[in-house]
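Visitor: The primary structure of each chain is shown beneath.
There are 2 protein chains.
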Amino acid sequence: MNLIEMNSVKTVCSIGGGPIGAGWAAFFLAQGLSVKAYLHSEIEEEDYRSMIKTAWISLEKLNDLDSIDPNLIQISTNLENCVKDADFIQESAPEILSLKQDLYARLGNIVSSEVVICSSTSGLTMTDIQSHCGTPERTVVAHPFNPPYLLPLVEIVGGKKTNSEAVMWARNFYEYIGKVPLVMNKEIPGFVATRLQEALWREALHMVANDEATPEQIDKALMNGPGPRMAIQGQCLAFHVACGAGGMATNLDQFGPALKLPWTRLTAPELNKKLRDAMVSGCEEITAGRDFESLALERDRKIVEIIKIQKTHVS
Amino acid sequence: MNLIEMNSVKTVCSIGGGPIGAGWAAFFLAQGLSVKAYLHSEIEEEDYRSMIKTAWISLEKLNDLDSIDPNLIQISTNLENCVKDADFIQESAPEILSLKQDLYARLGNIVSSEVVICSSTSGLTMTDIQSHCGTPERTVVAHPFNPPYLLPLVEIVGGKKTNSEAVMWARNFYEYIGKVPLVMNKEIPGFVATRLQEALWREALHMVANDEATPEQIDKALMNGPGPRMAIQGQCLAFHVACGAGGMATNLDQFGPALKLPWTRLTAPELNKKLRDAMVSGCEEITAGRDFESLALERDRKIVEIIKIQKTHVS
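Protein chains in written order, with our numbering: chain W, 369 to 683; chain V, 369 to 683.
Hints may contain errors.
To be verified - When the alpha-carbon atoms are kept at most 30 Å apart in a straight line, the in silico BS3-like pairs for lysine-lysine are as follows: (1) W:K378 - V:K676; (2) W:K676 - W:K421; (3) V:K670 - W:K670; (4) W:K679 - V:K421; (5) W:K676 - V:K676; (6) V:K429 - W:K670; (7) V:K670 - W:K676; (8) V:K670 - W:K679; (9) V:K628 - W:K628; (10) W:K421 - W:K378; (11) V:K429 - V:K676; (12) V:K554 - W:K628; (13) W:K554 - V:K628; (14) W:K642 - W:K554; (15) W:K679 - V:K429; (16) W:K378 - V:K679; (17) V:K679 - W:K429; (18) V:K528 - W:K676; (19) V:K452 - W:K679; (20) W:K670 - V:K676; (21) V:K452 - V:K529; (22) W:K429 - V:K676; (23) W:K628 - W:K641; (24) W:K676 - V:K628; (25) V:K378 - W:K676; (26) V:K378 - W:K421; (27) W:K670 - V:K421; (28) W:K529 - V:K628; (29) V:K679 - W:K670; (30) V:K378 - W:K679; (31) W:K421 - V:K554.
Unchecked claim - Simulated coverage check for chain W against chain V, where a stretch passes if three residues somewhere in it have a Cβ under 8 Å from a Cβ of chain V: (32) 424 to 435; (33) 625 to 634; (34) 646 to 654.
These are calculated hints, taken from the structure and not from any lab test. Note that this is a predicted model, so its numbers are computed, not measured. From the three backbone atoms N, C-alpha and C, an ideal C-beta is built for every residue, glycine too.
Work out the full structure, taking the sequences as your base and the hints as a guide.
Guide: Below you can see the structure in the form of structure tokens.
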């Protein structure tokens with residue numbers, strides 16, 4: 369497969385006038401790239417520029433952006449013009465399958481074949497999106513988290529007709545520009561992060577529907593319970609470290625029976641030896657030989673800092 | 369009901385030699401209270417003191433503790449001695465129902481009736497725990513999050529025989545000593561925060577069991593996706609703010625249909641008008657009139673700080 373050299377990417381096209389499209393545009397600008405923005409209609413431009421401005425406030429705190437003028441972004445409602453000189457395309461059009469299918473059929477014809485086209489879709493699969501595209505091998509899902517100019521995660525997965533080289537190219541490109549790419553093994557609805565968040569969200573909706581908790585109580589519980597920890601330890605590592613030197617093995621042996629309890633409406637999988645071993649060895653890979661003491665100490669130091677941030681008054 | 373004056377609590381008894389019991393003890397010490405610790409066996413003492421020492425490192429960063437010597441903690445394996453002069457009891461014994469039932473039968477006789485007894489249980493109900501207790505009206509669940517010396521949340525709920533005054537006393541006491549108490553409307557398995565976390569955890573286990581993601585990918589997704597946001601905005605407020613001025617109403621109208629999609633193994637409740645209105649008005653209560661702009665700005669400012677903390681190297 370003949371793809372453009374990753375470090376010769378100079379111009380990026382961001383398609384879509386919503387917060388995701390504008391957020392990506394701001395992020396690319398902050399990486400020193402030229403950005404061409406495609407908006408469906410000129411009336412979106414004012415809001416779009418205002419979203420870039422808002423994102424810039426944060427981006428400036430994380431990067432030295434003195435030499436970059438975000439106003440140099442080129443905004444157009446002409447798709448051909450926008451993609452013509454682009455070395456990379458980030459598509460963040462509305463989440464309507466037929467709309468994306470038509471768009472990719474068109475992009476397939478007008479975007480140079482050595483350019484990778486990534487979709488920000490949060491719920492559709494690339495197999496569906498690329499179905500009417502004449503050059504689907506370079507189309508990839510690259511799903512960010514909101515706000516995309518700040519949160520590092522990009523979930524990456526190809527469709528049935530995607531070439532694995534394009535997936536790798538996307539992975540390397542996002543890493544190169546400072547994101548944290550996560551290449552998924554297969555196309556699953558909701559990808560990884562959204563699935564996890566969605567399970568939590570649906571349990572929250574059930575609780576509100578059953579008068580078990582209010583939205584306010586749910587948020588209070590999250591922000592003061594698992595929240596401050598989740599930025600610095602994922603759920604697997606958190607349970608691993610919470611059990612001391614015994615780690616995940618102790619956690620599963622001790623709390624495994626609780627998986628049968630109605631602690632959520634979601635029935636757990638059977639905790640057989642294969643799953644137990646996968647969790648234990650997975651946690652060992654995450655910790656890479658670091659001992660319990662240092663992991664707990666790092667957790668605590670960082671939680672202290674996050675609690676201080678929570679208490680900061682922002683006007 | 370005749371309960372001790374909240375601000376005349378001077379001595380607290382922390383029952384249990386594990387990380388929760390020790391974590392509570394350290395927290396109470398840091399609030400200037402005298403602490404009597406009950407351990408099941410003397411061989412637990414060395415580990416216990418070491419856990420207090422570890423907790424103290426963090427507590428010193430959040431409070432001025434120059435005048436407090438954590439070594440003054442009184443450790444004993446004699447339960448009667450420990451509870452004799454205590455003005456408050458925090459019980460963090462192992463999560464075995466029969467063991468807690470026996471313990472509460474005993475505590476019911478030897479703890480002065482004006483003293484509130486709170487259980488750190490994460491999975492049992494107070495209705496079950498208090499069933500053999502002669503004075504159950506002052507027994508309350510007060511479930512912390514690990515590590516209990518740092519995370520502010522305490523989920524509070526009584527059992528069938530608990531007097532609501534004892535629940536309110538506990539709520540006020542935890543708030544008084546700097547925790548964030550959440551009084552639950554009813555006893556539900558897993559309380560609020562653990563239910564939400566458990567839904568996420570079970571979805572994670574399903575994904576590992578089905579080779580859809582590894583523990584490492586799950587943690588990467590959480591830490592770089594929803595994680596940095598969850599410390600500063602619960603899931604309800606996050607979705608409210610993500611949808612701009614339209615807020616939660618826009619979120620539900622736009623993403624409501626996605627509740628039918630297999631984005632998690634958890635089936636969502638029906639999104640009827642009652643649930644929709646409860647979510648929308650709940651978010652309005654959380655935001656208390658603050659506008660979208662300022663909420664998004666606060667989110668971004670704090671995420672920037674949390675991302676900086678994530679990048680800090682801790683040896």
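Visitor: If a hint holds in the structure, say so; if it does not, say that too.
Guide: Verification of the supplied hints:
1. W:K378 - V:K676: 27 Å, holds
2. W:K676 - W:K421: 27 Å, holds
3. V:K670 - W:K670: 14 Å, holds
4. W:K679 - V:K421: 25 Å, holds
5. W:K676 - V:K676: Within the cut-off at roughly 13 Å; holds.
6. V:K429 - W:K670: 11 Å, holds
7. V:K670 - W:K676: Satisfied, since the Cα-Cα distance of roughly 10 Å is no more than 30 Å.
8. V:K670 - W:K679: Cα-Cα ~10 Å, so holds.
9. V:K628 - W:K628: 25 Å, holds
10. W:K421 - W:K378: Holds - the C-alpha atoms of W:K378 and W:K421 are around 22 Å apart, at most 30 Å.
11. V:K429 - V:K676: This hinted pair holds, its Cα atoms lying about 18 Å apart.
12. V:K554 - W:K628: 21 Å, holds
13. W:K554 - V:K628: Holds, at roughly 21 Å.
14. W:K642 - W:K554: OK: W:K642 and W:K554 at ~20 Å, within 30 Å.
15. W:K679 - V:K429: Cα-Cα ~14 Å, so holds.
16. W:K378 - V:K679: Holds: W:K378 and V:K679 sit about 27 Å apart, inside 30 Å.
17. V:K679 - W:K429: 14 Å, holds
18. V:K528 - W:K676: 38 Å, violated
19. V:K452 - W:K679: 37 Å, violated
20. W:K670 - V:K676: Distance of about 10 Å is within 30 Å: holds.
21. V:K452 - V:K529: Holds. V:K452 to V:K529 sits at ~24 Å (cutoff 30 Å).
22. W:K429 - V:K676: Given that 30 Å is the threshold and the Cα spacing comes to 10 Å, the pair holds.
23. W:K628 - W:K641: Measuring from Cα to Cα gives roughly 16 Å; hence the hint holds.
24. W:K676 - V:K628: 39 Å, violated
25. V:K378 - W:K676: 27 Å, holds
26. V:K378 - W:K421: 53 Å, violated
27. W:K670 - V:K421: Holds: W:K670 and V:K421 sit about 17 Å apart, inside 30 Å.
28. W:K529 - V:K628: 27 Å, holds
29. V:K679 - W:K670: 10 Å, holds
30. V:K378 - W:K679: Roughly 27 Å separates the two Cα atoms, so the pair holds.
31. W:K421 - V:K554: Measuring from Cα to Cα gives roughly 46 Å; hence the hint is violated.
32. 424 to 435: holds (count 4)
33. 625 to 634: holds (count 8)
34. 646 to 654: Coverage by chain V holds here, the residue count being 6 at a Cβ distance below 8 Å.
The structure fails hints 18, 19, 24, 26, 31 (numbered hints given earlier, in ascending order).
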